[in-house]
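Participant: Here are the chains, one letter per residue:
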Amino acid sequence: MRRFLSLGLLCLLLFSVTVTAQAQTSATVEADDAAALELLEALDVRSYPAKGEAIIAILQSDDERARDWLQSLLDGRLQRTDDGRFVVVLENRGRDWPVADALTGEPLGDMSRRDLDRIGINNALRNQLRSAIAVVDLYSPDVERRRTSATRLLGEVDEELAAPLSELIAEEEDAQVKRRLTQALAIYQVESGELEGVETLRGSLHPRVRVALNRAANGDDPIIADAANEALISIEQNLKINRGLETLYFGLSLGSVLVLAAIGLAITFGVMGVINMAHGELIMLGAYTTWAMQQLLPGQPGLALILSIPAGFMVAALAGVAIERSVIQFLKGRPLETLLATFGISLILQQLVRTGISPLNRTVITPEWMSGSLVVNDALSLTLNRMYVLGFALVVFAGLMLIMRRTRLGLEVRAVTQNRAMARSMGIRATRVDIMTFALGSGVAGLAGVALSQLTNVGPNLGQNYIIDSFMVVVFGGVGNLWGTLVAGLSLGVINQVLEPWAGAVLAKIIVLVFIILFIQKRPRGLFPQKGRAAEG
Amino acid sequence: MSLTTESSTNFWLTRPFSERSTQIFLSVLLAALALVTILHVAVPPDNPLHVGAYTVNLFGKYLSYALLAVAVDLVWGYLGILSLGHGAFFAIGGYAMGMYLMRQIGERGTYGHPVLPDFMVFLNWDSLPWYWLGFDMAWFAFAMVLIAPGLLALVFGFLAFRSRVTGVYLSIITQALTFALMLAFFRNEMGFGGNNGLTDFRELLGYNLRSNDTRLGLFIATGVALALGYILCRAIVTSKLGRVCVATRDAEARTRFIGYRVERFQLFVFVVSAMLAGLAGALYVPQVGIINPSEFSPIFSIEIVLWVALGGRATLYGAVIGAILVNYAKTIFTGVMPDAWLFALGAMFVLVTVFLPKGVAGLFRYLKRKTRDDHPPKEATA
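Chains as they are written, first to last, in the UniProt record's numbering: chain Z, 1 to 537; chain W, 1 to 382.
Worth flagging that the hints you see were computed from the coordinates, not collected in a lab. Cβ atoms here follow ideal geometry from the backbone N, Cα and C, with glycine treated the same way. Treat each hint with caution, since some may be false.
To be verified - Here are the computed distance ranges between Cβ atoms for each label pair:
{"hint": "1", "chain 1": "Z", "residue 1": "Thr-363", "chain 2": "W", "residue 2": "Val-336", "range": "30 to 40 Å"}
{"hint": "2", "chain 1": "Z", "residue 1": "Leu-518", "chain 2": "W", "residue 2": "Lys-370", "range": "46 to 56 Å"}
{"hint": "3", "chain 1": "Z", "residue 1": "Leu-384", "chain 2": "W", "residue 2": "Thr-55", "range": "54 to 64 Å"}
{"hint": "4", "chain 1": "Z", "residue 1": "Arg-126", "chain 2": "W", "residue 2": "Val-121", "range": "25 to 35 Å"}
{"hint": "5", "chain 1": "W", "residue 1": "Ser-127", "chain 2": "Z", "residue 2": "Phe-515", "range": "27 to 37 Å"}
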C-alpha cells in the first residue's frame with residue numbers, strides 16, 4: 001500500500017476546506033500569491049514522499065487554482081523555467097511550447113522546451129493525484145464534473161471515505177450524481193458485508209457494479225452471496241432487454257437508411273415499371289452535394305448540411321430528369337433494356353466522380369449538434385446522428401405520403417401507376433407525370449445521399465453499395481407501395497441486426513438475401529402486392 | 001430468321017449444319033483457330049506475323065467469354081429471361097476447375113502439404129472439407145464443372161419459374177443470387193480461398209500450364225468447346241422445344257393457355273445455359289491462372305449481358321461477336337487509357353440499347369437486306 005493519503009482522509013480535509021472556502025470572498029485569493037508559490041516550491045523536490053506531502057498541502061490550501069495545478073502535474077504539464085517560475089505548458093508539440101504562468105494564468109508566449117524542467121511524478125503519485133482530483137471534483141460547482149468523478153468512485157470507496165460520502169449524498173442536489181454516489185457507497189457496503197447494499201445495487205447496469213456483485217456472489221458470506229446472485233440475475237435480465245433495445249435501434253437505423261435509399265426507387269419503378277440502375281449514383285450525387293456545400297461554407301458544417309437538403313434534392317432531381325429525357329423516354333416498354341442503359345449511366349457517373357473529384361473518399365463533417373449520443377442508462381446509449389437520420393427518413397416518408405395522397409400530382413401518379421392507358425384517356429399527360437415522378441424519385445435519392453453522408457464514407461462507390469439492397473427492399477415490399485417499402489426496409493434492417501451477433505455481418509447479409517430470394521418465390525409480388533387487373537403486367 | 005428448313009434433316013442435333021448462318025460461323029471459327037495455330041507454330045518469332053503465346057492466351061480467354069455469352073444469349077435471346085447472375089454459374093464452373101488444379105499442386109505448394117492447399121494450411125485447417133473430396137480426380141472435377149452450376153440453376157430455376165417470377169423481378173433476384181454468392185465466397189470460412197481465391201496452379205492433366213504448348217492446346221480446346229456449345233444451342237433453338245421457348249418469350253401467358261408447361265421449358269433451357277456457362281468458366285480458369293470471388297460480382301454479370309446486346313440478341317453468333325469485340329476493346333483501353341474504360345463501357349450500354357437495339361448482327365442483317373432490296377435477286381420472294 002503506497003497510497004500516501006487515503007481518499008477518506010482527503011475527503012474529510014476537503015469537506016472542511018470547501019465549507020470555509022465558500023465562506024471566503026474572492027478578494028482574499030489574490031493576497032496569497034506568495035503562499036501559492038510556496039506550495040508549488042514544495043513540489044519541486046527530489047523525494048517522492050515529500051512530493052506527496054506537497055500535494056496534500058495543495059489540497060489543504062483553499063486555493064482555487066489547486067485543481068488546475070494537480071491536473072497539469074498529473075499530465076506532466078506543470079513545469080519550471082530556468083529562472084524559477086512555474087508555468088503550465090498549454091500544448092507540448094513541436095520544439096517551442098506555448099506556456100502560461102501557473103500562478104496568474106496569463107500566457108507567456110512560446111518557450112523552448114530546453115528551457116523548461118518538468119516536475120516528475122511516479123505511478124504512486126499518479127494514482128494519488130487521480131483520486132485527489134476525483135474527490136476535489138465532488139465539490140466542484142460544475143455538475144458535469146461531479147458526475148464524472150462520482151462515476152469514477154464506483155468501487156473505489158474505502159472505510160474512511162464512507163462516512164463523508166453519506167454526508168455528501170445528503171447534500172447533493174443533482175439526482176444523477178446522488179444515485180452514483182449512493183451506488184458507490186453501496187458497493188462499499190456490500191464489500192463490508194452489509195446486505196442492504198445489495199438491495200441498492202439491484203437496479204444498476206454499470207459494469208463496475210456487476211464486478212462488485214460478482215465478487216460478492218463468490219464471497220464467503222452465504223446470505224450476501226445469495227442476495228448478490230439474485231441481484232445479478234435481475235441485472236442480467238435488465239441488460240438483455242437493453243441489448244435487445246440497442247439491436248432494435250441499430251436495426252431501425254439501418255432500416256431507415258434502406259428506406260431512404262429505396263423509396264425513390266419504389267416510386268419510379270412503381271409508376272414507370274422502369275428499373276433505374278443509376279439510382280445509387282443519384283444517392284452518391286446527394287452525398288457529394290453535401291460535401292461540396294461544406295467546402296463552400298467552411299466552418300459551418302451545420303448550416304451547410306441543412307442547405308444541402310434542398311440542394312441535394314435539386315441536384316439529384318435534375319440529374320434524374322436529364323437521364324429520363326436523354327435515355328429512358330426512348331426505351332418505353334422495354335424495361336430490361338432500360339435496366340442496361342441506366343447501368344451504363346451509373347458507370348459513367350461513377351467514373352465522372354472518380355476522375356473529376358477523386359477516387360478517394362471525401363470527408364463530410366458531422367455538425368456538433370449531431371455528434372455524440374443520448375445516454376439512456378449505463379448499458380444503452382443511442383448515437384445522435386443515427387437518430388437524426390431515422391427521424392429524417394420518417395419525415396421524408398411522411399412528405400412523400402402527403403404528396404401521393406393529397407396533391408394533384410400524387411393523384412395523377414397513382415392513376416398512371418394503376419392504368420396508364422386509362423389515365424391518358426382521362427386527360428392525364430402521362431409523359432409529364434413520368435418526368436415529375438422521375439424528378440421526385442431522384443430527388444429523394446439525393447436526400448438519401450445527404451443523410452448517408454453523415455453515416456458512411458462519401459466516395460464514388462457509395463451508390464453501388466446500396467443499389468442491390470434498395471432493389472431487395474422494393475421487391476420485398478411490393479412495387480408501387482410506399483407502405484410496403486417502409487415496412488420492408490425497417491424489417492430488413494432489424495432482421496439484419498438481429499442476425500449479426502451470431503452470424504457475423506457478411507453471413508447475416510447472405511441470409512437476408514437468400515431469405516428474400518425464397519420469399520419472392522412464395523409471394524412474387526412482394527409483401528403488399530398491387531391488386532387489380534392492371535397489376536398483371 | 002433462319003429457322004430450320006423442314007426438308008433438310010430430321011435429327012435435331014445435326015439440323016444446325018444445314019443452316020447457312022451456322023455454316024458460316026463454324027467455318028470462320030475453325031479458320032480463325034487454324035490461322036492462329038499456324039501463325040503461332042509455323043511462323044518464326046521474329047516475323048511480324050508471328051502470334052505470341054500471350055496473344056494466344058488472350059484469344060483463348062476471349063473464346064471462353066464468347067461461350068459464356070452464347071449461354072446468356074440462349075436464355076435472354078430465346079427465352080426472354082434477362083439473367084443478371086450468369087457470372088455465378090461461370091464462376092462456379094471456374095471454381096470446380098480451380099479446385100482440381102489446386103489438388104494437382106500436391107506437395108509443391110509453399111507449405112508442402114501433401115493434401116491441403118496452401119490457404120488451408122495457412123488457416124490451420126487439419127483436413128479437407130467434404131466438398132473438396134474427389135477433386136483430385138480429373139473425371140470427377142470435370143463432371144462437377146457441369147453438375148455444380150447445373151444443380152444451382154435447377155434449384156433456383158425450379159423455385160423461380162414455378163412461382164412465375166419473370167421479367168424485371170427475375171433479373172433482380174438473379175443479381176441478388178450472384179451478390180450473395182460473392183459475399184459467401186469472400187469468406188475464408190467457406191474454404192474456397194476467400195479474398196485471394198484459388199491460384200498458383202501448375203498443371204492440368206499432367207501438362208504444365210506455363211508452357212506455350214499447353215496454352216495453345218487450351219486455346220484450341222476452348223475454340224472447339226465454343227463450336228460444340230454453339231451447335232448445341234442452335235440445335236435447341238431450331239428444335240420444336242426452341243420454338244416453344246420463343247413463344248414463351250413473346251407471349252408467356254398465351255403459350256401457357258395453349259397447354260405448354262412453360263416452366264419446364266424454361267427450367268430445361270436455363271439449366272443447359274448454366275452448364276455451358278460453367279464449362280466456359282472451367283476453360284477460362286487455367287488460361288488466366290486464377291479464380292477469385294470477383295467473378296461473382298454483379299457488374300461482371302451485367303457486362304456479359306452487354307456483350308450479347310452489343311452483338312445482337314437472339315442470334316447466338318452475335319453473342320460471340322459482342323463478347324470478342326467488347327473484351328478486345330477492354331484490353332486496348334485498359335492498356336492505353338485505363339480511366340476511360342468505364343466511360344466507354346457506360347457509353348456502350350447506353351448507345352447500344354438506344355440506337356442499336358438489335359446489335360451488330362442486326363446491323364449486318366439490315367445492310368444485307370438493303371443490298372438485296374437494291375439488287376433484287378432473280379427468284380421472287382414467295
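Participant: Each hint should be assessed against the structure and marked as holding or not.
Facilitator: Results for each hint:
| no. | hint | in the structure |
| --- | --- | --- |
| 1 | Thr-363(Z) x Val-336(W): 30 to 40 Å | 33 Å, holds |
| 2 | Leu-518(Z) x Lys-370(W): 46 to 56 Å | 51 Å, holds |
| 3 | Leu-384(Z) x Thr-55(W): 54 to 64 Å | 59 Å, holds |
| 4 | Arg-126(Z) x Val-121(W): 25 to 35 Å | 48 Å, violated |
| 5 | Ser-127(W) x Phe-515(Z): 27 to 37 Å | 32 Å, holds |
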